[in-house]
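Engineer: The chain contents come next:
There are 6 protein chains.
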Amino acid sequence: MPVQDATRPTPQTTMSSSPSPPTTANGGITITGGENEDEWVWNQIKAEARRDAESEPALASYLYSTIISHSSLTRSLSFHLGNKLCSSTLLSTLLYDLFMNTFSSDKSLLSATVADLRAARARDPACISFAHCLLNYKGFLAIQAHRVAHKLWALNRKPIALALHSRVSDVFSVDIHPAARVGKGILLDHATGVVIGETAVVGNNVSILHHVTLGGTGKVGGDRHPKIGDGVLIGAGATVLGNVKIGEGAKIGAGSLVMIDVPPWTTAVGNPARLIGGKEKRKDEDVPGETMDHTSFIYVI
Amino acid sequence: MPVQDATRPTPQTTMSSSPSPPTTANGGITITGGENEDEWVWNQIKAEARRDAESEPALASYLYSTIISHSSLTRSLSFHLGNKLCSSTLLSTLLYDLFMNTFSSDKSLLSATVADLRAARARDPACISFAHCLLNYKGFLAIQAHRVAHKLWALNRKPIALALHSRVSDVFSVDIHPAARVGKGILLDHATGVVIGETAVVGNNVSILHHVTLGGTGKVGGDRHPKIGDGVLIGAGATVLGNVKIGEGAKIGAGSLVMIDVPPWTTAVGNPARLIGGKEKRKDEDVPGETMDHTSFIYVI
Amino acid sequence: MPVQDATRPTPQTTMSSSPSPPTTANGGITITGGENEDEWVWNQIKAEARRDAESEPALASYLYSTIISHSSLTRSLSFHLGNKLCSSTLLSTLLYDLFMNTFSSDKSLLSATVADLRAARARDPACISFAHCLLNYKGFLAIQAHRVAHKLWALNRKPIALALHSRVSDVFSVDIHPAARVGKGILLDHATGVVIGETAVVGNNVSILHHVTLGGTGKVGGDRHPKIGDGVLIGAGATVLGNVKIGEGAKIGAGSLVMIDVPPWTTAVGNPARLIGGKEKRKDEDVPGETMDHTSFIYVI
Amino acid sequence: MPVQDATRPTPQTTMSSSPSPPTTANGGITITGGENEDEWVWNQIKAEARRDAESEPALASYLYSTIISHSSLTRSLSFHLGNKLCSSTLLSTLLYDLFMNTFSSDKSLLSATVADLRAARARDPACISFAHCLLNYKGFLAIQAHRVAHKLWALNRKPIALALHSRVSDVFSVDIHPAARVGKGILLDHATGVVIGETAVVGNNVSILHHVTLGGTGKVGGDRHPKIGDGVLIGAGATVLGNVKIGEGAKIGAGSLVMIDVPPWTTAVGNPARLIGGKEKRKDEDVPGETMDHTSFIYVI
Amino acid sequence: MPVQDATRPTPQTTMSSSPSPPTTANGGITITGGENEDEWVWNQIKAEARRDAESEPALASYLYSTIISHSSLTRSLSFHLGNKLCSSTLLSTLLYDLFMNTFSSDKSLLSATVADLRAARARDPACISFAHCLLNYKGFLAIQAHRVAHKLWALNRKPIALALHSRVSDVFSVDIHPAARVGKGILLDHATGVVIGETAVVGNNVSILHHVTLGGTGKVGGDRHPKIGDGVLIGAGATVLGNVKIGEGAKIGAGSLVMIDVPPWTTAVGNPARLIGGKEKRKDEDVPGETMDHTSFIYVI
Amino acid sequence: MPVQDATRPTPQTTMSSSPSPPTTANGGITITGGENEDEWVWNQIKAEARRDAESEPALASYLYSTIISHSSLTRSLSFHLGNKLCSSTLLSTLLYDLFMNTFSSDKSLLSATVADLRAARARDPACISFAHCLLNYKGFLAIQAHRVAHKLWALNRKPIALALHSRVSDVFSVDIHPAARVGKGILLDHATGVVIGETAVVGNNVSILHHVTLGGTGKVGGDRHPKIGDGVLIGAGATVLGNVKIGEGAKIGAGSLVMIDVPPWTTAVGNPARLIGGKEKRKDEDVPGETMDHTSFIYVI
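Chains as they are written, first to last, in my numbering: chain A, 1 to 301; chain B, 302 to 602; chain C, 603 to 903; chain D, 904 to 1204; chain E, 1205 to 1505; chain F, 1506 to 1806.
Chain A extracted, bound-state conformation (with noise of 0.2 Å):
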């Protein structure tokens, strides 16, 4: 589970011996980015890659076909999501081209990639690399095979969506339903057993833990899921049910069932979940979805 180390520097910092793009403070919930930062990402992936293929020579190939045979980040992806999601009756040209296609025809969706890298990077004690994130973490490949089922499905092509949206499930046991919307700068931390339903949304710069379901109440059709504000954490566990509305900055306890409104800037725990803090941001205080600050939960225990 991720924790933001103090005496770990940033990124930024840690690789400033590489050509760094200019970045503006990553305060708040901001989300920097741009092409000159995704290429500075994807050259860091590219020569994390290479060191590692030179120390692990047996893990070479796999990184040459992975990452560095590629000349962008969207080609590699796209491979990569391809041979990790192909089947029998599924196979990886078709999806190969079909990521290709989608990711060429929305700029966003790659800038949406890099700030989920990033997301991991950041916050993610973990993560030793871009690279390793790009490669390894399910809850990271699952969200952007996401963002290709979601633009498949916003232009009607429901069928083909539900299929890539069936092998996810299948494959990282992560359970996304192709109408959700999903933000910037997302971290599924471990991510087996995440279940986010059609209504769905969720904001930017939020960390969710595994097992976590945002889920419906029944009953009621068309919009019946929740909410999800920027900034929010979710531990692991959590059961966020019906169509409530988690205000920026929350922070909602591992195991906690929720099926109310839980305000800005609030902490949810329990099952069910009570409610601690409040509405407004302290001047002093951090976005729990950026700094993965379980510790808390622990104080209203």
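Since the hints were derived computationally from the structure, they do not count as laboratory data.
Just to be clear, a hint being listed does not mean it is correct.
[Stated by the list, open to error] Straight-line Cα separation of at most 27 Å, DSS-like style, residue types lysine-lysine; simulated pairs:
1) D:Lys949 to C:Lys648
2) C:Lys847 to C:Lys829
3) B:Lys584 to B:Lys546
4) A:Lys46 to F:Lys1551
5) E:Lys1449 to E:Lys1355
6) A:Lys227 to A:Lys107
7) B:Lys408 to B:Lys528
8) D:Lys1186 to D:Lys1148
9) E:Lys1250 to B:Lys347
Using the hints, position chains B, C, D, E and F against chain A.
Structural biologist: Frame of chain A; chains B, C, D, E and F shown alone:
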């Protein structure tokens, strides 16, 4: 998560323009069926798949190979499961044969399959067609494979039943012991992480969400797992342990821990679970396993 | 869910017609072992597989390729894991080599494997043979792969350790960070959704059910995950967060959220968890990790 | 290259300890057969495979999956061909089904298969068992697949017949047009590079070595390929072009180019071919297609 | 073996109900072409595939994945070749990319492909549709892969050109060195065993049967392989060795060994080959490479 | 087709900047060798592969997995053959093991491999590097697999030797009976269609082109195939039948049919073959199997 949308007509009504077989009223926990109805559902599936293949050429190959090219639902399902569950050491041809032979040996398996398809279609608003369920619902596919494993177990072909069990657990993250007895008209929604133990019994028209455990409590061998009555609804992440009896029409709240009997038409919520409501069906009461109504959990909190 | 069935003889007794090696009394948390015993278990496995191949020709090919054709347990396990964990970009031959070389480099890995096989056989009434565990238990297989990943991590071969970690998470939905230290005689029962963090430590003779998290609480880098003592039992869906100490012989109830130390021979239940019982082993007390007794959870509720 | 070893007893004699069905004398070009004999050959094959599996554990998995686990020769052959000829776009399950259904629809296919097995066993000293031929002889396998393709062609299912034709040409380098008519008791020895055109006809008990072409001469559509009589032997690399008639019991020398009719019991050698010998069977003459005697080619040079 | 059937209308005529592009007279060795024609052929292919999918559901999946689902002939061919030539160490996605990029970089490749398709359709009576050739003719597929390998060779990307060369030789048994220059409108009929050396040149409208060698004679490095003029026909099993010149419109008899120049409009037959006929095209003479007339070989014997 | 280019320096000279082991003069049919030389060739291969990986990133994955990641030529070759020859029923891990174990059991196998690599490099001007041969030459790979099959045959492991034989014939279209004895320093150039019978013997430093048959003449069992002396060259499409002796340094013309003994240093050409030249090596005569000089065939015609 599913819901019986009041504004959504039942399948029978929706598709009344198609040649629908005569059906009896679908009240209570009764399951309508018969060969005519099985045939009708298979025809629906093929029509849906043809329509989808037309609208999405990229998926047509998949739809033809898994559905349209097959002469029966048994064949289509056996093909699909064989290709989903095969591995480099358990070939698809072997599994295909195993499924074909087992389904052919007992006609009741197919009618259970059809009842499950109807359950998904009727209870889950996210299920947009029978074909969608057949192709993509890992809960549905896991149950069909389980029924075959259960049949093999009953014939004392334990090693192959357990091999199948293991493949289903690997591929779908659904772990149903081959000895467990499971009824008809079951919806395993989302399904990831469901665990059902060796001596568990699940009635008809039951709906079970993801991460649900029907487990043992150790110490006592033999009959040591829950018995789930007809029409029960079990919410996401609920854990039911021991040889307890969950009565007909009961409801188990999401995230609950249940280690006691739950009387019929009663709701259990919380960790540990408390009981609400009563042992007899109220005149106007709906069957929880069919309505998928999770909202009452809120009232009891 | 497993149980030590009082009426079921221990493996040693059951199979006393087979040439069983001299074993010391299996009391307390002691692990008997040695090369003789490893050999004895391997011989049992082959005998079981031959018997199953005889009775079930359709499975014989699988049993020969994974077990009977191999000259040692190391080879059989390396073959099986290589074929289970391979992908189109990480070939089975590469993984087979990696497993073979690592197991050969450290004999203690094999004796840990054997201890795990004995644990499953002794503690889980659903485990009908050693071969059953070797072939089908994803928790067992995930731990064996983890031990190899851990060895590679210790040799600073981090990228390949993480690639292995990722494959185990994809295929088995079991997520154990390669740096985590795990003892011998471990049973991961059902195993889906288990998450064990980077700095976690798991003692010997521990039993962990599915959906269990040994996670961090964020904010603090470095040593931030739970330390699980010998003989501990952790129930399904329990979440243990932070650098807390779960003492020897403790029991964590299903669905519990534990963010505090749990003294030895103590039970923690609920969300948040309360403690029951005491720090010293009563004279007649069984080891929870071995008896798998979940029933006491009921009494404390 | 095969030979009828005078010192080698015929299969019937060799295996007389096995329950052999009553057979008529095997003189001339007569083919003995019938269901009893088919069953006897299948039992031989299973016995051979079991013996080999016993002596070579590394191969046991292969032998079980392709032979021992199957209930009939049809099933075994369909499985083997399905797995040999499948590709990423033509799945083994589809091909298995196609073979099973076609073989089942016409019992004469199986008796032709058995006649081919007997031919290989009787004529090729390098053929050490029926199982050896069934598993390893690409000429044998190519003919069996051709017979299925031919059947499909006759049913006007041309596209799938041609797809099968193409797979056989890719995998075995044997190119027999689906429309070509091929008799029983055929030996395609070594088989690489054999080409048999659309309107060619091959009689019974014919032996054809590798690199043999039965081709057209262009210019004239319709019936444009050779007609090969019963009992003919065609040496390696021989090229027979045009709608010519190769009479019963004729012999075509290795490397010959034949563009003229060859009368019965006559030998053709050279490029272009000259004829030797005469149109009637001498009293003591053996059938070339059965004796595989290439030596007479020498005398005529 | 192919033939220009006098009674069979040319494709243009046959399919005149389809919208056919304006074409110039198809006399002599002229190749008609242009983007319109390429498009027309692609439309024909799709129409043929759709018709076949309709009539043969078992093949529909294959036809959709290889042809109907693609937006262009380039894409369809790249997909088909990628899946045919891939191996466990050279992934289909890599090859697909390589084919797509190379075809896109040089439009002349596609028009050569179309010329080859027309050649097969016009010259081989066994070729029943363009789709039949595209899907099933290994000679056609080998040449298309060769053109890509040749392009890569010309760009000094020799290792990957040779890897492609090797895969084509493994899969199709057609061995064309990437440096060899091959024209348009080529028919490699049956194709198994064709070998074309490094410095060989093959003109336009050439037809080459199976087992044909265009080889070197050793001793002299550099330019050491045959130069084949436009419109040449080379019969099955012919061997042409050394830097010899086979003139325009020449004919090489089946099974011939040619180590000398063959003047234009001349026939070479026998081992060693003798020459017949003369250096100038007779007024009414057909182009051998187009008419596929092998009959004249007979007259010269 | 190969040639000893006079202007091309021998490998020893070309690569003299690399640390080359001391070698004796390479005159006559002597094969230099020894462990030092084997090591030197392996180092060359790795250097070539690294250079190619650098220049062609798309191929780097392939080069790392097949060559660069391996610690020895034995391992690299076993991996490459295992992946080339595997099928859905004969897994790559099984074959890899079989190759590794057999190569390790007899060091002479590796030195024969190295001699073959040197033969290809020295005799075939199209062979641009040792790595090129190791990766892409199906004749080279077929011989290496044959040597393993031959070893298994000698150990009376006939069923697995024949299974390997069959795979080589399927994948490479090279059919060498496992019992055939083949020397060192062999070049099978192009290799498609080569057939070598059960009792054939091939000496050292022999070069054999594609479509060559060393077959039997039937009728006589036992020792019935050709014996090929050291340094022999056999041209493309030549057919040698019966237990005939082809003397040291002999040359068999392309397309010849040989059914008689050919004395040493003699050339046989034609169908049927005539002999030219004499039984003793002329003082200045080169070894045909090494020079690959096919030109003399011309003079004798």
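Engineer: Against this structure, judge whether each hint is valid.
Structural biologist: Structure-based check of each hint:
Between the alpha carbons of D:Lys949 and C:Lys648 the distance comes to roughly 23 Å, so the proposed pair stays at or under 27 Å and holds. Among the hinted pairs, C:Lys847 with C:Lys829 is consistent with the structure: their alpha-carbon atoms are about 5 Å apart, no more than 27 Å. About 23 Å separates the Cα atoms of B:Lys584 and B:Lys546, which keeps this hinted pair within 27 Å; it holds. Taking the CA atoms of A:Lys46 and F:Lys1551, the gap is near 23 Å; set against the 27 Å cutoff, the hint holds.
Under the criterion of a C-alpha separation no larger than 27 Å, the hint pairing E:Lys1449 with E:Lys1355 is consistent with the structure, at around 24 Å. Our distance criterion of 27 Å between C-alpha atoms is met by A:Lys227 and A:Lys107, whose separation comes to about 25 Å. Between B:Lys408 and B:Lys528, the direct Cα distance comes to roughly 25 Å. Compliance with the 27 Å bound is thereby established for this hinted pair. Taken as a hint, the D:Lys1186 and D:Lys1148 pair is honoured in the structure, with Cα atoms around 23 Å apart against an allowance of 27 Å.
Distance hint between E:Lys1250 and B:Lys347 is fulfilled; the C-alpha atoms sit about 23 Å from each other, no more than 27 Å.
This entry satisfies every hint, going by the numbered hints stated previously.
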